[in-house]
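Chains as they are written, first to last, in the working numbering: chain A, 631 to 789; chain B, 631 to 789; chain C, 631 to 789.
Keep in mind that the hints were calculated from the coordinates and are not lab data. Incorrect hints may appear among the rest.
As the list makes no split between identical chains, a pair holds if one copy fits it or if it spans any two.
Calculated cross-link-like contacts (lysine to any residue; reagent style SDA-like; alpha-carbon spacing at most 25 Å) [what the hints assert, rightly or not]: (1) Lys660 / Lys784; (2) Lys676 / Leu663; (3) Lys784 / Arg742; (4) Lys676 / Gly690; (5) Lys660 / Arg707; (6) Lys676 / Ser763; (7) Lys660 / Ile743; (8) Lys689 / Ile673; (9) Lys694 / Asn712; (10) Lys695 / Ala669; (11) Lys694 / Phe776; (12) Lys676 / Gly765; (13) Lys694 / Ile743; (14) Lys695 / Ser763.
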Amino acid sequence: RRGEMAKSTQLINNEVFQAFATYAAIVLVKMMLMSLITAYFRITRKAFANPEDTASLGKGENAKKYLRTDPDVERARRGHLNDLENIVPFFGIGLLYALSGPELSSALLHFRIFTGARILHTFAYLVPLPQPSRGLSWGVGYAVTFSMAYSVLKTAWLL
Amino acid sequence: RRGEMAKSTQLINNEVFQAFATYAAIVLVKMMLMSLITAYFRITRKAFANPEDTASLGKGENAKKYLRTDPDVERARRGHLNDLENIVPFFGIGLLYALSGPELSSALLHFRIFTGARILHTFAYLVPLPQPSRGLSWGVGYAVTFSMAYSVLKTAWLL
Amino acid sequence: RRGEMAKSTQLINNEVFQAFATYAAIVLVKMMLMSLITAYFRITRKAFANPEDTASLGKGENAKKYLRTDPDVERARRGHLNDLENIVPFFGIGLLYALSGPELSSALLHFRIFTGARILHTFAYLVPLPQPSRGLSWGVGYAVTFSMAYSVLKTAWLL
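Required output: the full structure, derived from the provided sequences and hints.
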């Protein structure tokens, strides 16, 4: 039993992997929270995408008027999609990077900057802050992921 | 040769990881099937997004009328996007969780409930079943993923 | 220090995993490049989704006219979403497959065909090439991912 547990925790006992697991979990949870923000705007703005979601608001034509788009809902959805487009590659490339044996200090720098940039990006998108706030926070996260991809390809290159 | 194989299968010989691999492959394949469902509705409803996809249906204005949205196509696409928003975080957080050394029984419980909830969610979305079927099945999968994220952060926390 | 490094690079020293890391990094970077292509079309076509993005182009009604959809922007966005729907499952299933101990030659075949198919898919989408170019390149990548999923489930099956 103990031996099996030890084997299974082998990876997570590695400090770089522990750091990756922490920051990856944080940004994935942040991404998931976008669902709740979209749901909040759908309910408060009464703007739904599915007829069955408006059934409790009335019948027939009365319910049909809630099948509409709303600027706040669409903004939250764009923020969520942008997270998918950026946090998912961070997870994939970051995992490969964490397993490629980088220095802990260098790995922490990548993970911390990415996580900070994506939290700023969400604020910039939802408030919304004037540009280039959103553009810059997006670009920083993007550059960090590219830097890790370069490091992975340098270490693992086997075509 | 044998030694190399053994090393590479080391992770998948761990029971928790084997369970994760099984359920993760099932939900990822389920997510991929949404593409076929969308394609089925696009073809049977003749509702396409790209001009080059309608070329075989006629020329000029005759083909142009098939560049349109259709409620069934849009419903399948929303189901697919919801899978991306929920199954992808499950994969990422679930992988970290599986590597954090949980009890097999606890891990199986998480993976099984999530997989069941997401299959129900797809049925609730496509039929569609009246609410709160879709909402509840979404919420159960969401809560399971949060529970695994909490477990990962408790084990791996290294900021 | 050295021992710790060796432990952390253990996985990436495995040839199958090295091959996976290489091709996964390539397709994830390819997916990320879709953001730049969308941004390029947004700027050159002056078609934006957020009011704050048009502030530098004018004031009031003058800026509002740039809040619109454009066929080239929408095409790039559809290509990006298609990448998310296909490259993300490839990453997840491919990672499990790489850890399930396949032969290097078989793994390389899967990774190379998928990567080639997705690069062709992007060209077919953006040019656009007449169908069935895009359909076929999509189908090849899809079939490769299913083949790996079958292999994972055969090896790891633990319900």
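Status of each hint after checking the structure:
1. Lys660 / Lys784: between (30 Å within a copy, 17 Å between copies)
2. Lys676 / Leu663: within (20 Å within a copy, 31 Å between copies)
3. Lys784 / Arg742: both (22 Å within a copy, 18 Å between copies)
4. Lys676 / Gly690: within (16 Å within a copy, 27 Å between copies)
5. Lys660 / Arg707: Close inside one copy (14 Å) and across copies (23 Å); limit 25 Å.
6. Lys676 / Ser763: between (29 Å within a copy, 19 Å between copies)
7. Lys660 / Ile743: both (15 Å within a copy, 22 Å between copies)
8. Lys689 / Ile673: Intra 17 Å, inter 32 Å, cutoff 25 Å: intra-copy only.
9. Lys694 / Asn712: Answer is between: at 22 Å across copies they meet the 25 Å cutoff, but 29 Å inside does not.
10. Lys695 / Ala669: within (18 Å within a copy, 29 Å between copies)
11. Lys694 / Phe776: neither (45 Å within a copy, 34 Å between copies)
12. Lys676 / Gly765: So Lys676 and Gly765 pass the 25 Å test across copies only (16 Å; inside, 30 Å).
13. Lys694 / Ile743: neither (45 Å within a copy, 34 Å between copies)
14. Lys695 / Ser763: For Lys695 and Ser763, the Cα distance is within 25 Å only across copies (22 Å; inside one copy 35 Å).
Checked against the numbered hints above, the structure violates hints 11 and 13; every other hint is satisfied.
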